[in-house]
Amino acid sequence: MSVWLKTARLAAFGLALAAVARPAAAEDATVLPDTSRVVAIGGAVTEIVFALGEQKHLVARDSTGTYPEAAKALPDVGYMRALSPEGVLSVDPTGIIALQGSGPKEAVDVLKKASVPYVEVPETYDNEGILERIRVVGKALGVEDKAAALAADTEAKLKAAEARTAGIDKKKRVLFILSMQGDKVMAAGAHTGADGIVRLAGAANAIEGFSGYKQLSDEAIVTAAPDVILMMDHAGPGVSDDDLFDNAAISQTPAGQARKVIRMDGGYLLGYGPRTADAISDLSKALYGDKAAD
Amino acid sequence: MAVQPAAMSPTDSDAAAGDRSARARLAIVLLGLLLAATMLAGLGTGASNASALDLIHNWLTGGFGDAISARDRIIIQDIRLPRILLGTLVGASLAVSGAVMQGLFRNPLADPGLIGVSAGAGLGAIVVIVLGGTMLGPVLAPLGIYALPLAAFFGGLVTTFILYRVATRRGQTSIATMLLAGIALAAMTGAFSGVLIYLADDRQLRDLTFWGLGSLAGATWQKIGAAAPIMVVALATTPFLARGLNALALGEPTAGHLGVPVQRLKYVSIVAVSAAVGASVAVSGGIGFIGIVVPHLLRLLIGPDNRYLLPASALLGASALLVADAISRTIVAPAELPIGIVTAAVGGPFFLWILLRRRGVLDL
Amino acid sequence: MIEAGDVAVSIGAKRIISGVDFEARPGEVVAIVGPNGSGKSTFLKALSGDIGYSGRIAFNGRSLADMKPVEAATARAVLPQATTLSFPFTVREVVRLGLLGGRSGALAGEEGRLPERALTKVDLDGFGGRFYQELSGGEQQRVQLARVLCQVWAPVLEGRPRYLLLDEPVSSLDIRHQLGIMDIARDFARRGGGVVAILHDLNLAALYAERIYMLHAGRLAAAGLPQDVINNSMLEKVFGCRLKVGSVPPGPMPFVLPQSALS
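Protein chains in written order, with my numbering: chain A, 1 to 294; chain B, 295 to 658; chain C, 659 to 921.
These aren't lab readings, by the way, just hints derived from the structure by calculation.
Listed next, the stretches of chain A that the computed footprint assigns to chain B, with coverage defined by at least 3 CB atoms under 8 Å from CB atoms of chain B:
{"#": "1", "region": "67–80"}
{"#": "2", "region": "104–110"}
From chain C, some residues computed to sit far from chain B (all C-beta separations above 12 Å):
{"#": "3", "residue": "684"}
{"#": "4", "residue": "694"}
{"#": "5", "residue": "713"}
{"#": "6", "residue": "796"}
{"#": "7", "residue": "818"}
{"#": "8", "residue": "834"}
{"#": "9", "residue": "837"}
{"#": "10", "residue": "858"}
{"#": "11", "residue": "895"}
{"#": "12", "residue": "905"}
{"#": "13", "residue": "915"}
None of the values given here were measured: they were computed from a predicted structure.
We treat Cβ as the ideally placed atom computed from N, Cα and C, and that holds for glycine.
Next comes chain A alone, as it looks inside the complex (with noise of 0.2 Å):
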């Protein structure tokens, strides 16, 4: 038999050892017994455990945990994705909250044989999502009653923020850039959490076709006519508005023409957390002034 055949027998052969061995998963917790020494893992859980006023239970948090400023003051045990677990378990932890598709599942495998705590908070990129959030960290936290008031206020500015933009017939067209390295600009399409966001403040994505974000050519920069340019403060290298409006294709639009652009903080914008409904707010402020109601 050809050594290649071998090969792939052997390791079909180790698989299998492997799967036979598999560990038992262990269940997924929504109360946090011990609330002592909690480890947050990803911005919007960190946030929403500062906005209940509950930080004094945290020792640490992941890369992405950056919102409020005291947040950076705490250990950072490394990006969400590509958590250790050794690190994790150097703070000593009592319990972790983490949002969906934290990882790699070795790690948290380990963390939850290590017999800690694990609460997975969802995450979806719409208003009920966001009220959902708070509700699981309320409740891992045993404070319910606080999460359920956050959540409710929340709820509240969301849906005022939303009714800002409620009358208005005519959605100005947006173009949410992402970055614009060499002329080449990467916009955001459906199911991205600037999509939403845009829509939520009650204006239309000027993009349509495509989801995720993507490169843009010019004609389709040109073809999407969009009345106001989007994009993230603090984000990497920045794109002064000469930079921006130089470029050929997004000069032929009306956001080119008249050199319409807004600039907000990226966690702010796309967070998807307590602060969603002023960013809300802010950016229909910005794209209607006025017209919005108050």
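With chain A held as given, fit chains B and C onto it using these hints.
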């Protein structure tokens, strides 16, 4: 006969006469001790203060004052120990594969990537990362966390196999053709990868980047169970290649004249390297430099005789990777630096330094 | 004995040599001469087992096509034209590679010293610790010859003679070493082995070879004793330039005196 100064030790005078085998054997013993030391040190190092000595004492005596906590036990048994073992196997595999490739291509700069295994493994990984959640979801779901390593491993084997077939006519493999075809194949896998990168969302891109930088963090006993047999078998075949690879340095016809079965040598070398490297890349992502720097450094110290170079490369490669792993685990604790960054950051300048120092001796 | 009958070699569609009959007997030095491109190296490659051929080639009665690499390595050793190394082997390590087949024929316990003895034979005494890559072309060629000698140290093994196949063994050597190497070849033959050497220098061939085979455009132009093969008309026909052949003692040994490249 040349006159030897009386004060020379036996190994020195042998070396002066061109026989470096005594020195090489000594080096292997020292490297073995180094590896044992590095493994123990690695077991005792980490972001937390879990003490390996306490645990070992616990195992041996069944109790030692303060009982070792369950957390520390998990850290040492389920995190550090599999990582040390995996790091040993991967480091050895990468270094030996580099040395074998250099012997096969008769070039000190050859690395396992030349036979296509890294390109194929990378493509397999990208396919799983980008399409695993969507198009290929149903197919890959039952494999769970093994989908990525399996795809990387078989991707590496398949591309190497294709490359081998392209380069082999009438039972004779042309190494030169393999090199050139490898370039073409790398371009093609690069194109496929490019398309998938284009389709990826930013979370997948981030995953891909981290995979490409390499990490031993995903070491589990299951992964070791799957990958270790392959790597051990591949490593075990290499001593038998040593003499043939030495002769190959004189050129393929001359090696044949000396009685070496050259085609079989090429075939076994290629299979062993693609299996060992494929398995390594599958479980630990892209880790560079070990395959080039370790054999090169050893050639300067003990000479290019593969009978000693191959086992020495295995030992030093393992030690080097374990040291790099210890650094990656502690330098930004409690976070972790991908190990590929450490091997490149240390390996690159180190390589440059040894090249500059020995410019006269090597004929690059 | 090496026997070759009606040997032909083609590379692709091109026929390089055809219809070559050849014999090399133990105790003899046989020279192959001829102009560039006449197929000398190709023929030697066929004898070495490097390339495919049609016809018959047999070593000591055994067909070359049936021999495994190890068997062939026992029967003959090949010296190529030039060898470059990409790795910093020492001279001794290179010479020691000749012992790979393990059939040098030296007595057990002697094998360890063979590299040194071989180096002494090729006048590279004490060179063992030098790096091969640092040597001159001529020195490297002699190192390779030392390796080849190690491979077949005993000219006769288990009653069967062994052969040295040498492809231009003296081309980069000075006159002293040219004679030294050819003396080694003659000594090997005298002790029962056989030598086949491709030579460019007709005078050297005449001096050392018992028989000469002259190739021209892929075919055998002449074969026989030096004085029969090397004469005015044959040389003019094969080499296409004016040469004057005289003879010097002892015996009727021919001696070639170049006149001009123009006819």
